[in-house]
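Under my numbering, the first residue of the sequence shown carries the number 1, and numbering increases by one thereafter.
A couple of the hints might just be wrong.
Quick list of the computed label-pair ranges, beta carbon to beta carbon [stated by the list, open to error]:
| hint | residue 1 | residue 2 | range |
| --- | --- | --- | --- |
| 1 | D110 | A163 | 17 to 25 Å |
| 2 | L9 | N137 | 26 to 34 Å |
| 3 | L34 | A117 | 41 to 49 Å |
| 4 | E160 | R7 | 19 to 27 Å |
| 5 | L25 | K144 | 32 to 40 Å |
| 6 | D110 | Y235 | 36 to 44 Å |
| 7 | D75 | Y235 | 21 to 29 Å |
Source of the hints: derived by calculation from the structure; they are not laboratory data.
From a predicted model like this one, the values you see are computed outputs, not experimental measurements.
Heads up, the beta-carbon is just placed ideally off N, CA and C, and yes, glycines get one too.
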Amino acid sequence: MNHPSLRSLGVPPNAWYVDAAIADLTRPPLDPQLITLATETKTLRLDLAKAAVLVIDMQNDFCHPDGWLASIGVDVSPARQPIAPLQGLLPVLRNAQVPVIWLNWGNRPDLMNISPATRHVYNPTGDGVGLGDRLPNGAPVLRKDSWAAAVVDELELKPEDIAVDKYRMSGFWDTPLDSILRNLSRTTLFFTGVNADQCVMATLQDANFLGYDCILLQDCTATTSPEFCWQATLYNVKQCFGFVSNSHALIDGIKTISPSN
1 MNHPSLRSLG VPPNAWYVDA AIADLTRPPL DPQLITLATE TKTLRLDLAK AAVLVIDMQN
61 DFCHPDGWLA SIGVDVSPAR QPIAPLQGLL PVLRNAQVPV IWLNWGNRPD LMNISPATRH
121 VYNPTGDGVG LGDRLPNGAP VLRKDSWAAA VVDELELKPE DIAVDKYRMS GFWDTPLDSI
181 LRNLSRTTLF FTGVNADQCV MATLQDANFL GYDCILLQDC TATTSPEFCW QATLYNVKQC
241 FGFVSNSHAL IDGIKTISPS N
């Protein structure tokens, strides 16, 4: 319906167009941006107009030498490996109008939605440095709006990007992520970030269960876990939950976009 007086209600493409007498519910689709993407198992044909990228836990507490993991003796150098590939990929995706969604672990100060089971994972003896406790630099572990939960300095959350706080390993539980993706009509998801075998994998599995297409970008993902955990993650993604590709293949695919492809 083409009517100059209609006003948008909602987040396009999931928007109505209305005035005092008319409500247009047709939701015109976005123009397709078809690409071909090489993966380790198949060649994919997909529409970037239906895609989004999830950047998971690329934040100070997990990736910075002064963050939480480093303070308890974890070597965070593997967690920093996705930084350079993401620096190259994210501007290309933004230019192609692919939403960049940052999923950072950022708890409420009172931890009222965090169960004892979740707390136990990170402080099993009860006398360690767990969720909400103070680091030597004063930052509270994984607290929303703190240095601990902020994106690492080498990556930048742009004004057009979308930030979603998460509170456990999966970015879908107890968060608005699914509603945001459905409002944006995004059904194909690129997965990046850390840890591949924990928060990235939990989010990817839930996405698969919810019906999303799942593509793990191997060079934009990493883990501080042992090598066998990384290999098991790659195997299970390919075997059960989706596809494994990399940022170079995705950038190459984006370069081929034309209105008629």
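Hints, one by one, checked against the model:
1. Separated by about 21 Å at the C-beta atoms, D110 and A163 satisfy the suggested range of 17 to 25 Å.
2. At roughly 45 Å, the beta-carbon separation of L9 and N137 lies outside the given 26 to 34 Å, and the hint is violated.
3. Look at L34 against A117: about 44 Å separates their beta carbons, and that is inside 41 to 49 Å.
4. Hint check: E160 to R7, Cβ distance near 22 Å, so the stated range 19 to 27 Å holds.
5. At about 36 Å, the beta-carbon gap between L25 and K144 stays in the expected band of 32 to 40 Å.
6. Range check, D110 to Y235: Cβ separation about 40 Å, and the 36 to 44 Å hint holds.
7. The hint said 21 to 29 Å for the Cβ distance between D75 and Y235, and at roughly 24 Å that hint holds.
Comparing the model with each earlier hint shows a violation of hint 2 alone; every other hint is respected.
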